[in-house]
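**Student:** Chains as they are written, first to last, in my numbering: chain A, 82 to 166; chain B, 17 to 165.
Among the hints, a few may not be true.
Computed footprint of chain B on chain A; a stretch qualifies when at least three of its residues, placed anywhere within it, have a C-beta under 8 Å from a C-beta of chain B [to be verified]:
| # | segment |
| --- | --- |
| 1 | 88-95 |
| 2 | 122-130 |
| 3 | 153-161 |
What the hints contain is simulated information worked out from the structure, not anything from laboratory work. Heads up, the beta-carbon is just placed ideally off N, CA and C, and yes, glycines get one too.
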Amino acid sequence: MPERIRVNVLFFASYSDLAGRESAEVIVGSPATAGDVVRQARAMFPGAERIPERPLVALNQTHSKLAAPVADGDELALLPPMAGG
Amino acid sequence: MAFLVRRPIDERALVQRVAAPDRGGIACFLGTVRNHHANREVRRLSYSAYEPMAEAECRRLLDEAASRWPAAIALEHRLGDLAIGDVAVAVVAAAAHREAAFEACRYVMDQLKHRVPIWKREHYADGTVAWVDPTGAQALNAPAEVSHG
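For reference, chain A alone in the conformation it holds in the complex:
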């Protein structure tokens, strides 16, 4: 297992506006959870700290808990409240 975990973080809708980007590579130490990646991502960009501390997240395109462990190469999406329909 690598000591550092690279996660591709995706920002959508209002969170994309706040972070000023649609994606970012976030590097965290191993082991790490989705919540650790969120904490790091919120601190990386001006404005991103306005993303909620505990947003909805999807890990590799499936709804996930913030306590879920992440692995190198994972995709973690930060999801604002959904508004389909």
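Got chain A; can you put chain B on it based on the hints?
**Tutor:** Using the frame of chain A, we list chain B on its own:
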């Protein structure tokens, strides 16, 4: 078959997709673009999605519904810019009898709103835009000049 489309939704085509001689009840729900929200006049809106996950989540919830009710179900959600009155989402459920059709249709629509990663941005008559937050947790208004991306 894709659940997300960037062209007008043809609800009659969805009905034809699920209709069958042994299915005597067909329930159809259409969600259309409303001209007001929270006492503000809405001119148009735009839908966006986390597309690969939204497709997968639609597939999962249709499979769930099919395991719970003996119904055939069709679903489409439109993305991009929509005008007032346009159909944004259509769910059509066909079953032998109406109970299963109604219940499966409602289940898919309710679950879609909670689980499928789709977002809606409203453009108001006063020129401002805002992401719609159904939870009401936060209001993230953007000035009009950054709304054209």
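**Student:** Each hint should be assessed against the structure and marked as holding or not.
**Tutor:** Here is how each hint holds up against the structure:
1. 88-95: Three-residue rule met by the segment 88-95 of chain A, so holds; n is 4.
2. 122-130: violated (count 0)
3. 153-161: holds (count 3)
Hint 2 from the list above is the single one not met by this structure.
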